[in-house]
Every structure is written in structure tokens, then in C-alpha cells.
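First residue of the sequence shown? That's 2 in our numbering, and the numbers climb one at a time after it.
Everything labelled a hint here was simulated from the structure, so no lab data went into it. For clarity, every value in this text was computed on a predicted model and none was experimentally measured. Think of the CB as a built atom: it goes at the ideal place given N, C-alpha and C, for glycine as much as any other residue. Misleading hints may appear alongside valid ones.
Distance windows between CB atoms, simulated [said to hold, decoys possible]:
no. : residue 1 : residue 2 : range
1   : Met-2     : Gln-22    : 41 to 49 Å
2   : Ile-43    : Ala-3     : 40 to 48 Å
3   : Ser-5     : Asp-75    : 12 to 20 Å
4   : Asp-68    : Met-2     : 18 to 26 Å
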Amino acid sequence: MALSTSKSISLSGVSTINGVQVATFSTVVSKGLSYTSVSTQITSQDLYENNKAEVRKDRDDFQTVADNLSDSLDSGSVKSTEQTA
2 MALSTSKSIS LSGVSTINGV QVATFSTVVS KGLSYTSVST QITSQDLYEN NKAEVRKDRD
62 DFQTVADNLS DSLDSGSVKS TEQTA
């Protein structure tokens, strides 16, 4: 018998409009995966409908953070997931 392990990181994010949560995003990033799937949960349908462009930009920004984290796992140097505005 041999032990096999893998490293993965759970990542989550929240999209807000005027301080109100509109959507949440989540994913699990693992070394060696060529694509990271992002799950989106709309928590305020009315705010989402009125602010789709902003929420979709947040989703795209979250995907970029997940991709960068995945790349850093593959290279062996995990980088911060903090984003600055």
C-alpha cells in the first residue's frame, strides 16, 4: 500500500452592490488541473437583474484569481489571492 496525496485550495468570493450581497462564487483549485470551474450562486435576483454587468465582471475577476492561484500551484510558488482595486 502507498499513500498518495494532493493539494487543493478552496476559494470563495462575494459580489456586493451598495453593501448588499448579490452573488457568491466558489471553486476548488488543485495542482495539475488545466481548468478551474467556478460555481456562482445568485443571492439577490432583483439586484442581479439590475446590475448584471457589474456582477459578471466580479465573476470574471474571481475566475482570474482562481486561474492565477492554479498557475502558482503548478509552478510551486503559491501567490496571494488578494486583489487591489
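Now the hints, each set against the structure:
1. Met-2 <-> Gln-22: 41 to 49 Å: holds, 46 Å
2. Ile-43 <-> Ala-3: 40 to 48 Å: Because 44 Å falls inside the window, the suggested range holds.
3. Ser-5 <-> Asp-75: 12 to 20 Å: holds, 18 Å
4. Asp-68 <-> Met-2: 18 to 26 Å: Since Asp-68 and Met-2 have Cβ atoms about 36 Å apart, the given range 18 to 26 Å is violated.
Checked against the numbered hints given earlier, the structure breaks only hint 4 and satisfies all the rest.
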